Structures are given as C-alpha cells and as structure tokens.
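Enquirer: When you get a sec, could you build the whole thing from the sequences and use the hints?
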Amino acid sequence: MSINATLIGQMITFALLVWFTMKYIWPPLFDSLEERKKKIADGLAAAEKGQEQMHLAEKKATGVLKQAKEQSSEIVNLAQKRATEIVEASKDTAKKEGDRLILVAKAQIEQEKQQAKEGLRKEVAALALRAAEQILSAEIDKTKHQDILSKISNQLG
Amino acid sequence: MATEVHAAEGATGYIIHHLTPLTVGEGFWALNLDTLFFSAVLGGLFVWFFKMAADKATAGVPGLVQNFAEMLIEFVDNQVKDSFHGKNELIAPLALTIFCWVFLWNFMDLFPVDILPLVGSLMGIEYLRVVPSTDLNATFAMSISVFCLIIFYSIKIKGPWGFAKELMFQPFGPWLLPFNLLLKLVEEIAKPISLALRLFGNLYAGELIFILIALLPWYIQPVLSFPWAIFHILIITLQAFIFMVLTIVYLGMAHEDH
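Protein sequences, first through last, are from chains A and B. Just so you know, my numbering puts the end of the first sequence at 165, numbered straight through with nothing missing. Just so you know, my numbering puts the end of the second sequence at 588, numbered straight through with nothing missing.
It is worth saying that the hints were derived from the structure and are not from the lab. Remember, predicted model here, so these are calculated numbers, not experimental data.
Lysine-lysine pairs mimicking DSS-like chemistry, simulated, CA-CA at most 25 Å apart:
#, chain 1, residue 1, chain 2, residue 2
1, A, 31, B, 417
2, A, 31, B, 486
3, A, 45, B, 381
4, B, 411, B, 521
5, B, 495, B, 521
6, B, 486, B, 411
7, A, 104, A, 114
8, B, 495, B, 417
9, A, 114, A, 99
10, B, 514, B, 488
11, B, 386, A, 46
12, A, 45, B, 386
13, B, 521, B, 417
14, A, 31, B, 381
15, A, 47, B, 381
16, A, 57, A, 47
17, B, 411, A, 46
18, B, 411, A, 47
19, B, 411, A, 31
20, B, 381, A, 46
21, B, 386, A, 47
22, B, 417, A, 45
23, B, 486, B, 417
24, B, 386, A, 31
25, B, 417, A, 46
26, A, 45, B, 411
Where chain A lies over chain B, by a calculated footprint (3+ residues, C-beta under 8 Å):
#, segment
27, 352 to 363
28, 385 to 397
29, 420 to 434
Glycine included, each C-beta is placed from N, C-alpha and C at the ideal position.
Expert: Have a look at this one:
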C-alpha cells in the first residue's frame, strides 16, 4: 500500500499512451467524423435543392400544359369556324350550280320546244298543202297555179 | 501453493493475499510488476483497438469497430466542448485516453477474484493483484500527470506572474495575501489527491467486497456477487467518467485568464 517507483513507470506509460492517442488515434477518427458530418449536411442541402427544383419544374410543367390546352382549344375553335365556313361556301356554290343547271335546262327545253313547234308547223303546212293539193288536183292545173302554190308554201314554211 | 499457505491463516490471510501486489525491489525503488504489467497490457489493448479503427477510418459508412470508436470519440468530444472553452489539441485525446484506460483498469475488477491469481499461481507467481486502479501508484501516477499539466498550462496561458498573482491575490484581494496563498495551494494540491483517492477508494472497496463475497459458501455467492457485479458495471464507468470530466474541468480552469 505504499507509493514506490511503480508511480514513475505508470507516469511514463500514461505519457506514452496520451502521446500515441494524440498523434495517431484522435486526428484520423475525428476527421472522419467531421467529414461525414459535412457529407451528410451537403447531402441534405442537395436533397432540399433537388426538391425545390422539382417544385419549380412541376410549376413549369403545369404552365406548359395549360398553355398547350389553351392552344389546342384555340385550334379546335379555328377548325370549327373554318369548317362551317367551308360548309357555307359549298352550300352557296351548290345553290349557284343548281340555279345554273336549272337555267340551262330551261333554255334547252325552250329550244326543244321551238324546234318541236317548227317541226309541227312544217308538218301542218305539208299536210295542208297535201290536202289542198288533193282538193285542187281535180280542178286546178298544177302548172297554171304554180305561182300561187309556191307563195302559199312560202307563207306556211 | 500460495493460496494454501494463506488458507491456514483464515479469512484475513485470504484477503491480505488478494490485495498484496507482486513486487520486486525494496523501499521506494520497488516495482509493482502486476500493476505495471496489467496497465500496460490494457493500455496496449486500448491503443490497438483505436489504431485499428483509425487506420480503417472512412467518412463513408463506418464498420462496427469504427462505429464504436467514433461513439466514444464523439462522447469525449462533447464532454470537452461542454466544459473546456479554450483551444488545445491535447485535451480531447488526453480525456479519451484517461476514460478508456481507467475504464479498462476498473473492468479487471469484474473478473472473478480468484481466476487470474490462480492462473498466476500455476505459473509460479505468488502474489497477483489484477486491478491496477486498486494500486495507489497507478491512480496517483495519472493524477500527478494531470496536475503537472494543470500547472504547465496555468503558467503557459497566464504567464508566471499572472499565475503567481492568481495564487496570491485571489479570492480576497492583496491585503489577505498569506491567507489567499494558503487557500489556493490547498485548492490546487487537493485536485490530484482527490482525483487519485476517489478512484482508488472506490475500486479498492469494490474489490474488497468481491473478495468478501468469495469467502462465503458457494451457494450464497451468486446471490450477492451477481447484483454487486451489475452495480459495479455502473461504478467502473462512472469512476472513469468522473476522472475524465474532472481532468477536463481542471484544465479548463487552468486556461481561464482572470
């Protein structure tokens, strides 16, 4: 139970241990701790930044989507308008064409009517002439009355 | 064999035998070989473990060894940051060394009291006291080293005159100089003595109780030694912690310039 030279031995051991710890143990372990702390802090900051960027991108995406929707509805409206315009225009042209066709048909009918009339008139004249011829053949000398006959024929034709 | 020799002397002989160190030499120059050996082995264990962790230290995912080492480092670092406000490269490694070394010393107390002396006696070693902190030489060696650091840093930070002024003129001013000096000297000298005696006393008493329990009949021993060992886990950690924290506080005081 007495103090002896062990004290000195122990002090030397202690000094060696402290020196070794200070030189070779504490710095690398402490540095790795600090470095990890920094890494984690950096990671967290990066994560936060990423989230912020994601929010921004989301906002941007919604904006773009909205714009696209607006544009598409505009395009649809325009197309509809154009379609009605085209329909109207084709209706117009159809009507015009129809009118024209009717006019042409009417003219043709008129022409044919005239032709028919002409034909009928000629036939009537020939019939009348033949009748008159038959009536007169007995009494009238064809040669004597040639002048009168041709005159009548001319009048009828 | 030694145990049989003392067994004849009864319980007192058994206790004395367990608390007698293995000594060579005479008088002051005697050496307690067991204290020197076990504290050196335990110090080597501490240094080996932490060196292994330090060599493989990475800022990435730590392994099991590094994790444990870092836990202790962080714990010690927090203690230092709490009670030491100067800038000193030595304090934190010093505190870590003290905590781990003292803890390992104390841990030897949890080995069954007869096992290592029995192994020793088989190898022809008559006396073996395995717990270094039950040797006043070990605890005083550490506290005197700390005391030297206190004086060194007091003079380094405050200057020789500043330190002398603090010793002479505080706390009661220059008119009570002798009284101040006496008070301060007692205060300073009490630091290493209380550090060493607190650790020694706790562990010596703890070891003594283990020895007393070992004297009881075998069927009673577990009932007593089990709770005492559990309680001792707290004590050995606490004593290591107290030694470390007080060292930090004392060195912090040495760094404070008034």
